[in-house]
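Trainee: Taken in order, these protein sequences are the chains called A and B.
In terms of the working numbering, the first sequence opens at residue 1 and continues consecutively.
In terms of the working numbering, the second sequence opens at residue 181 and continues consecutively.
Bear in mind the hints are in silico, worked out from the structure with no lab data behind them.
Keep in mind that the hints are not guaranteed to be accurate.
[Claimed, not checked] Listed below are several chain A residues computed to face chain B (Cβ distance under 7 Å; list not exhaustive): (1) 75; (2) 79; (3) 82; (4) 85; (5) 112; (6) 153.
The beta-carbon is built from N, C-alpha and C at its ideal position, and this holds for glycine as well.
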Amino acid sequence: MIEHFLVGLALLLGLLGGYLIASSRWRGKRSERPEEVHQILLPFTGTEISRRALDAALRLARAEGATLMPAYLAAVPKQLPLECAIPAEAERAMPMLEAIEQRANTQGVPVDARIERGRSYRHALQRLLEREEFDRVVVSATATGQAGLSGDDLVWLLEKAPAEVLILRPAASDERRVTA
Amino acid sequence: MERGHYKIFLGMAAGVGKTYRMLQEGHAEAGAGRDVAIGYLEPHKRQETSDQARGLETIPRRSVDYRDVAVEEMDLLAVLARRPDLALIDELAHTNPPGLEHEKRYEDIADVLAAGIDVFSTINVQHLESLNDRVAELTGVTVRETVPDSALGIADEVVLIDLTPEALIARLRAGKIYPGENIQAALDNFFRIENLAALREVSLRQVAEDVESKRLTLHRVEPVGTREERVVTDAPKAVGERLLALVRPRPSSQRLVRRAWRSAQRLGTDLDLLWVKPPGRPIEGEEERQVTALRQLASVLGATLLIEEHDDLVAGAARVIAERGSTYVMVGESSPPRGLARLRTPLPQALMRATPPGVDVRIVAHRAQKEDGS
């Protein structure tokens with residue numbers, strides 16, 4: 001009788017111990033999650049991005065334990081609905097996002113990519129800033145010009161972005177790019 | 181009266197040689213002894229086209245006053261009265277000015293066909309209604325003169341006049357498409373190599389789809405029981421793929437979505453994204469943010485995000501797969517199972533068992549794991 005009781009007690013204690021270990025592991029996993037979402041935005045247009053800007057964003061993300069959010073900005077022609085599907089733009093964005101994700105993975109930086117639509121690149125950026133929260137925005141000044149964000153867009157970004165903005169201007173000789 | 185035979189010459193842009201080829205074939209028909217007449221020709225001041233029209237009878241045009249300007253249009257009644265065996269009618273997407281029998285030229289053509297006259301006509305791919313938005317997105321140019329896709333669908337034959345973008349630009353530079361003063365503007369706007377490459381792809385796809393749909397129509401037979409006949413009847417079902425990607429509201433799902441979308445593009449099929457959500461649990465916080473991101477991505481790609489509440493992932497997914505008629509399911513690679521989870525059937529196998537026969541399941545590897553393994 002006592003033997004049965006002891007075996008039963010041992011089983012009960014074993015189950016209780018197992019439950020406690022499992023629940024503490026689960027709590028541990030939960031506590032690993034950051035209280036705030038730390039995100040670094042890396043907006044870009046077109047099919048290449050300055051490698052210096054990407055590396056800077058990755059270094060920051062790694063140092064701060066932040067997530068890198070590369071965002072392909074797409075300008076939707078006025079005659080189309082803003083929320084329409086943009087397969088041609090997606091076709092350009094996808095390989096770039098893959099290339100960035102691959103580089104981020106080698107450095108152990110988590111990536112949460114976006115493709116954002118707007119009537120202009122600035123409008124797309126504005127919509128993204130309204131929707132998401134960022135601690136930093138990293139932009140390459142070499143990505144500006146006719147094909148991407150203009151000087152005015154960068155001034156606008158400095159004034160309006162509710163985050164620290166880093167505008168990188170690589171040396172003229174630095175032509176390293178990340179392309180798909 | 182038997183309807184006339186209808187052949188359309190389709191091109192990716194002006195200048196590929198649709199009208200020229202139509203006239204060439206018109207000459208060949210005339211040479212074979214048929215009565216051929218030009219119902220309407222728009223040579224666009226291109227010498228080669230005008231030269232090619234020589235020797236073919238042209239039915240006189242009809243002059244119509246439109247906004248105090250006399251414009252020359254196809255004379256539908258004259259074509260019907262002349263009654264050739266074959267009428268060559270250029271630019272089927274053209275909009276007629278008020279006062280003519282029909283608003284659009286393809287409606288005039290329908291009358292000519294109904295009168296038992298064969299018709300050859302021409303159109304550029306951007307004029308097709310269903311492709312208009314896609315072309316506008318690709319090129320930034322919106323075409324106002326559109327025709328319903330059925331205007332192409334009723335053709336007995338669609339001939340693609342294909343030219344590489346480089347060759348077309350060479351023709352443009354040589355002044356064979358537009359007069360000299362317009363060449364640079366055309367090169368800077370519509371006639372860019374990336375625009376033309378995209379339009380070429382759209383045209384090729386359009387003709388491939390047309391061939392496919394006609395093939396399926398031709399092969400449709402009533403199932404009467406023999407195996408051979410059933411195989412033919414089942415052929416259309418086998419061709420129609422539908423892709424579904426099983427996602428979770430996490431950044432890691434994006435790679436799966438990208439892969440699935442690329443596969444869907446290659447197969448020319450629709451893409452569904454499915455998240456099987458545990459019932460009763462509200463979507464909030466980080467999960468809500470990720471669901472919004474997935475929804476945005478689906479919208480950008482033209483995919484459909486489905487959220488199915490079910491306490492069993494496999495049963496929930498199988499229900500949607502059957503309902504949507506998915507033929508191809510893509511899942512992300514799972515983390516290695518621990519503890520009692522080792523005893524569970526892996527998700528791909530469980531899906532294979534739970535879904536109807538013929539559904540393929542593909543696993544997309546994590547990029548980091550793949551690299552580690554290499």
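Trainee: For the hint on residue 112 of chain A, just tell me whether its beta-carbon gets within less than 7 Å of chain B.
Mentor: The hint holds - residue 112 of chain A has a Cβ within 7 Å of chain B, the shortest such distance being about 4 Å.
Trainee: Could you check if residue 79 of chain A really has its C-beta closer than 7 Å to a C-beta on chain B?
Mentor: The hint holds - residue 79 of chain A has a Cβ within 7 Å of chain B, the shortest such distance being about 4 Å.
Trainee: Tell me if residue 75 of chain A is really an interface residue toward chain B, meaning its C-beta lies closer than 7 Å to one of theirs.
Mentor: At 9 Å from the nearest chain B Cβ, residue 75 of chain A fails the 7 Å test, so the hint is violated.
Trainee: Any CB of chain B closer than 7 Å to the CB of residue 82 of chain A?
Mentor: 10 Å, violated
Trainee: Less than 7 Å between beta-carbons is the criterion; does residue 85 of chain A satisfy it with respect to chain B?
Mentor: Nearest chain B Cβ about 3 Å off; hint holds.
Trainee: Take the shortest C-beta to C-beta distance between residue 153 of chain A and chain B; is it under 7 Å?
Mentor: With Cβ-Cβ at 19 Å, over 7 Å, it is violated.
Consistency note: the structure conflicts with the earlier hints numbered 1, 3 and 6.
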